[in-house]
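Number of protein chains: 2
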Amino acid sequence: MQHWTTIVAEKRARTLSRIPNEWMHPNIIQDMAEKNVKNACKYLDGILPVDEVNITSLDATALVENIASKKLTSYQICYAFCHRAALAHQILNCCIEIFFEEALERAKQLDAYYASTGKLKGPLHGVPFSLKDQVNLPNIETTIGYVSKVGQKADKMSLLAKLLHEQGAIFFVKTAVPTAMLASETVSTLHGRTLNAVNTSFSSGGSSGGEGSLIAAKGSPLGVGTDIGGSIRIPAAFQGLYGLRPSHGRVPYMDVTNSYEGQELISSVIGPMSSSLRDLELFTKLVVDCESWRYDPDVVPIPWRNFDGQQTQKLRFGIMTWDGMVLPHPPILRALEETRKVLIHHGHEVVEWNFPHSEELIDVAEQVYGADFFNEVEEILNESEEPVSDYMQLARNNILAKGGLGKPLSVRQWWEVSLKIRKLKQQYLEHWRDTANQTSDGKPIDSIICPVWPSAGFHDREVEHGCENYTMPFNLLDYSCVVLPITEVDEMKDKPNQAHLAKNASDKKMQDFYDAKKFGKMPVCLQIVCKRLEEEKCLAIASIVESCLSTMP
Amino acid sequence: MQHWTTIVAEKRARTLSRIPNEWMHPNIIQDMAEKNVKNACKYLDGILPVDEVNITSLDATALVENIASKKLTSYQICYAFCHRAALAHQILNCCIEIFFEEALERAKQLDAYYASTGKLKGPLHGVPFSLKDQVNLPNIETTIGYVSKVGQKADKMSLLAKLLHEQGAIFFVKTAVPTAMLASETVSTLHGRTLNAVNTSFSSGGSSGGEGSLIAAKGSPLGVGTDIGGSIRIPAAFQGLYGLRPSHGRVPYMDVTNSYEGQELISSVIGPMSSSLRDLELFTKLVVDCESWRYDPDVVPIPWRNFDGQQTQKLRFGIMTWDGMVLPHPPILRALEETRKVLIHHGHEVVEWNFPHSEELIDVAEQVYGADFFNEVEEILNESEEPVSDYMQLARNNILAKGGLGKPLSVRQWWEVSLKIRKLKQQYLEHWRDTANQTSDGKPIDSIICPVWPSAGFHDREVEHGCENYTMPFNLLDYSCVVLPITEVDEMKDKPNQAHLAKNASDKKMQDFYDAKKFGKMPVCLQIVCKRLEEEKCLAIASIVESCLSTMP
Numbered sequence: 001m002q003h004w005t006t007i008v009a010e011k012r013a014r015t016l017s018r019i020p021n022e023w024m025h026p027n028i029i030q031d032m033a034e035k036n037v038k039n040a041c042k043y044l045d046g047i048l049p050v051d052e053v054n055i056t057s058l059d060a061t062a063l064v065e066n067i068a069s070k071k072l073t074s075y076q077i078c079y080a081f082c083h084r085a086a087l088a089h090q091i092l093n094c095c096i097e098i099f100f101e102e103a104l105e106r107a108k109q110l111d112a113y114y115a116s117t118g119k120l121k122g123p124l125h126g127v128p129f130s131l132k133d134q135v136n137l138p139n140i141e142t143t144i145g146y147v148s149k150v151g152q153k154a155d156k157m158s159l160l161a162k163l164l165h166e167q168g169a170i171f172f173v174k175t176a177v178p179t180a181m182l183a184s185e186t187v188s189t190l191h192g193r194t195l196n197a198v199n200t201s202f203s204s205g206g207s208s209g210g211e212g213s214l215i216a217a218k219g220s221p222l223g224v225g226t227d228i229g230g231s232i233r234i235p236a237a238f239q240g241l242y243g244l245r246p247s248h249g250r251v252p253y254m255d256v257t258n259s260y261e262g263q264e265l266i267s268s269v270i271g272p273m274s275s276s277l278r279d280l281e282l283f284t285k286l287v288v289d290c291e292s293w294r295y296d297p298d299v300v301p302i303p304w305r306n307f308d309g310q311q312t313q314k315l316r317f318g319i320m321t322w323d324g325m326v327l328p329h330p331p332i333l334r335a336l337e338e339t340r341k342v343l344i345h346h347g348h349e350v351v352e353w354n355f356p357h358s359e360e361l362i363d364v365a366e367q368v369y370g371a372d373f374f375n376e377v378e379e380i381l382n383e384s385e386e387p388v389s390d391y392m393q394l395a396r397n398n399i400l401a402k403g404g405l406g407k408p409l410s411v412r413q414w415w416e417v418s419l420k421i422r423k424l425k426q427q428y429l430e431h432w433r434d435t436a437n438q439t440s441d442g443k444p445i446d447s448i449i450c451p452v453w454p455s456a457g458f459h460d461r462e463v464e465h466g467c468e469n470y471t472m473p474f475n476l477l478d479y480s481c482v483v484l485p486i487t488e489v490d491e492m493k494d495k496p497n498q499a500h501l502a503k504n505a506s507d508k509k510m511q512d513f514y515d516a517k518k519f520g521k522m523p524v525c526l527q528i529v530c531k532r533l534e535e536e537k538c539l540a541i542a543s544i545v546e547s548c549l550s551t552m553p
Numbered sequence: 001m002q003h004w005t006t007i008v009a010e011k012r013a014r015t016l017s018r019i020p021n022e023w024m025h026p027n028i029i030q031d032m033a034e035k036n037v038k039n040a041c042k043y044l045d046g047i048l049p050v051d052e053v054n055i056t057s058l059d060a061t062a063l064v065e066n067i068a069s070k071k072l073t074s075y076q077i078c079y080a081f082c083h084r085a086a087l088a089h090q091i092l093n094c095c096i097e098i099f100f101e102e103a104l105e106r107a108k109q110l111d112a113y114y115a116s117t118g119k120l121k122g123p124l125h126g127v128p129f130s131l132k133d134q135v136n137l138p139n140i141e142t143t144i145g146y147v148s149k150v151g152q153k154a155d156k157m158s159l160l161a162k163l164l165h166e167q168g169a170i171f172f173v174k175t176a177v178p179t180a181m182l183a184s185e186t187v188s189t190l191h192g193r194t195l196n197a198v199n200t201s202f203s204s205g206g207s208s209g210g211e212g213s214l215i216a217a218k219g220s221p222l223g224v225g226t227d228i229g230g231s232i233r234i235p236a237a238f239q240g241l242y243g244l245r246p247s248h249g250r251v252p253y254m255d256v257t258n259s260y261e262g263q264e265l266i267s268s269v270i271g272p273m274s275s276s277l278r279d280l281e282l283f284t285k286l287v288v289d290c291e292s293w294r295y296d297p298d299v300v301p302i303p304w305r306n307f308d309g310q311q312t313q314k315l316r317f318g319i320m321t322w323d324g325m326v327l328p329h330p331p332i333l334r335a336l337e338e339t340r341k342v343l344i345h346h347g348h349e350v351v352e353w354n355f356p357h358s359e360e361l362i363d364v365a366e367q368v369y370g371a372d373f374f375n376e377v378e379e380i381l382n383e384s385e386e387p388v389s390d391y392m393q394l395a396r397n398n399i400l401a402k403g404g405l406g407k408p409l410s411v412r413q414w415w416e417v418s419l420k421i422r423k424l425k426q427q428y429l430e431h432w433r434d435t436a437n438q439t440s441d442g443k444p445i446d447s448i449i450c451p452v453w454p455s456a457g458f459h460d461r462e463v464e465h466g467c468e469n470y471t472m473p474f475n476l477l478d479y480s481c482v483v484l485p486i487t488e489v490d491e492m493k494d495k496p497n498q499a500h501l502a503k504n505a506s507d508k509k510m511q512d513f514y515d516a517k518k519f520g521k522m523p524v525c526l527q528i529v530c531k532r533l534e535e536e537k538c539l540a541i542a543s544i545v546e547s548c549l550s551t552m553p
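Taken in order, these protein sequences are the chains called A and B.
Per the UniProt record's numbering, residue 1 is the first one in the first sequence, and the count goes up by one each step.
Per the UniProt record's numbering, residue 1 is the first one in the second sequence, and the count goes up by one each step.
These aren't lab readings, by the way, just hints derived from the structure by calculation.
Warning: the hint list may mix true and false statements.
Identical copies carry no separate label here, and so any pair may be met within one copy or between two of them.
Result set (EDC-like, lysine to aspartate or glutamate): computed pairs, CA atoms no more than 20 Å apart in a straight line [stated by the list, open to error]: (1) Lys420 <-> Glu264; (2) Lys11 <-> Glu464; (3) Lys518 <-> Glu352; (4) Lys162 <-> Asp298; (5) Lys423 <-> Glu264; (6) Lys121 <-> Asp59; (7) Lys425 <-> Asp255; (8) Lys156 <-> Glu430; (9) Lys162 <-> Glu366; (10) Lys162 <-> Glu102; (11) Lys443 <-> Asp289; (12) Lys420 <-> Asp155; (13) Lys420 <-> Asp298.
So that you can see chain A by itself, here it is in the shape it has in the complex (with noise of 0.2 Å):
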């Protein structure tokens, strides 16, 4: 066997042959340093012809209304989207697998189906659509982030991915993961690190944070992530995307490669990320009406239901301002006065959200996410002797610090976790429901506002200056969750918080990491949050809250 630093050189070097000469840009990091360019989408912008500048500006539902009137081909659409996922690639390290031959092949192929039938495929017809590494492609490799898995393909397609080619979509690119996907950034041994688009000297986030490193440099109009424990929310959070947690059930995962496979107490989940919100609902929309629950034993039987909410209705909102234990930085303490402000001022009611076990749902989520002591990883990684990440031993020390056992539970202690999930799921519904006795009309309320990450992220290798706490919690639930961007850091605004009193280490730590320049410009995204499985309504209320803050003064 080759040893493993042999493996990543053949394999990142794989990866960058599969983009043709013609534009690869060896001094791309060097050309946009001299320029004191840090956005790499603005960048890309800047270098690439008008005609491609414009395509890779629309999104998913516009390219097939073009695609539709006849303004564009399919492979117009797929040229400019390769050509500018190549270079974002080379700028932000955001792919590990790249097809573009294969995708502008079949962008021709659609191209003449459109021809010869005048009929679209479906609702993807020509889209460009990436994928996070785990899903399984004919032919290509699934990774994960471990050098030991390079040369594995996987014997099946994902369903998910068999239903969007049925409706069209063109694949061409499967975007880079942390070694495991157990991480809020992306970084492995066997890819390297990946870059946020928006400011290259910030993390991407994780563990989709390919996905939305791509997606915001406008390489990709959309794609799907997995969220285990806020893998779609905190990249989409960090570069001002938008991004769907789906419930367990809602969408496919079968024959979705992942960590931890059978661990279903807190199952991790497949969803989209996209720079435009109706993007998220035509995804969802499709791939429900695909009626997956035929061939996914764990997709439940709801059919696509229209969240009979108008604009002019009504709605009631909990804002959940901070945990109790983090409290977020002053850019998104203000993001959710600025949405409360606008919500009332649309005739919307807000309540304020303070869930008393906070701390108990943290608790319990990393004793499911630590159950095997990170056995599994380590064998894995072993079989390459890859070093042991230090995401790894980070972890493993979070769990001995809480009196974990430094070896995997038993099942017995498994079921003991699961029982405890299960009372914080009844709480946290009668907690939803107890919200009756707030709002003027005795109904309960429709969502919940509150923070994703408790700052606008952080510069690469900080990753140890953050904090799951406001995404984790709805993975434990398994509620639905829209992340929406609203604002950005605004030095002048956002000064930092002097009265605040930390409450706790972890908190300090956040308060201390603060600085309003360093953040400057950043982009600011909050969750909309409704219950298990309401996907629908998730969706037409973020966009209803997004209708209100476009008319902000």
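With the hints as your guide, set chain B onto chain A.
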């Protein structure tokens, strides 16, 4: 602490003491023997006043109609059922908690409510409703067959009980279960043995045997059992009743006491048992209409969906004659054949159902049931020092014989079991889809028809002459199943199957066990099986099948 024998004696005496003196009949078993009657239901018809017999012959649907039209009062109905249940218990030992006084008081209140408002409380207004012991009620013990739980009252009323109460149900008894609910008969050191109401020399089945026995004796019109391996369906089948095993998440299990709480790979589910099919639908629609997902996080937000199949519409059935491991007895095979003929006669289509991985379904399910090597059961038994049950010894030996570890699984072994289940679910669904290749119109089957149990039951103390081969798979798959009475054992028609060569030791044991005379006149039921969360369809199809059978020449 008292000796366990004292606790048992006192508990049994306490249960009996809740029966009014005028309803005590100390010689009832002797009287039946003298009259040479084995059927408790028929016996009770003979000794009870005619008006009470008339009332107790009605199903829940008819009872509510009679209350609504003021032909009967709740009190009259409650009195008749309490009286009959009191006698049934003295024959069958089917109850564990008795509270007639409270029930009759509530009946009076309901009558007064109706008289003063002209409104019924709900679709179960005034219907006596029996509950398997696991269901928690205020101030009433929940012992689930353990001596050590005597005196324990749950701190919360089960959500389902609350909902049923709100809809007008009158609780009057809780019914007996085997120790820990882990058996296909109903026997415990605590309460003794529950007899079959159709023929008292047979077992009532289990674990909802108390419920099945009481309802078959017409001591209750409608009740709920639970099912993790067949526990609703087996007692229903052994006593000629209707029963629904809903999918997990359709009927709320919240705050129902259980064994192995937190074990979530094969979920115990709660569902109705009755002597009427329409009562199953009455119950299920009512419960779904309560939108209990607002309270129980495990309930899936799927409203009641009327199945659009008409009596005249062609349906497609897969008939599973046997699973390739244990051939059902001749009466069961005849029931399948008669059903097949009658369905074809009515224009429906029937294809063969042969899932190739039946053995794996059983093996994997057993890995789940034995995952903790019965440590929990043993611990609870030890608290009172009651002896280890025969059932647990058998089950443990079975695990060891199959290469089990003799100790609980680790969390990673548990995840492996979980993965096996997911794979089997996918294979089953694929096999179901593939039936489209067998039907004339290229559509997959609507439903499977199959045995519930390979025999029409077993005599008391013969539980080892049985197997859950036809029930357990649908627990693992989480499919919706309705038990439907088809015929009864006929000595003349159901001659032993001489031609069959036993496939294995279990098969031989089952075949050797057959004796047409011994089973004579025992009810024969079959299962109608639909996919996960298809309760409405399953109930509607059962009704169509029943209607076809009613025209059988």
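Any hints this thing doesn't respect? Which numbers, in order?
Of the numbered hints, 2, 3, 9 do not hold.
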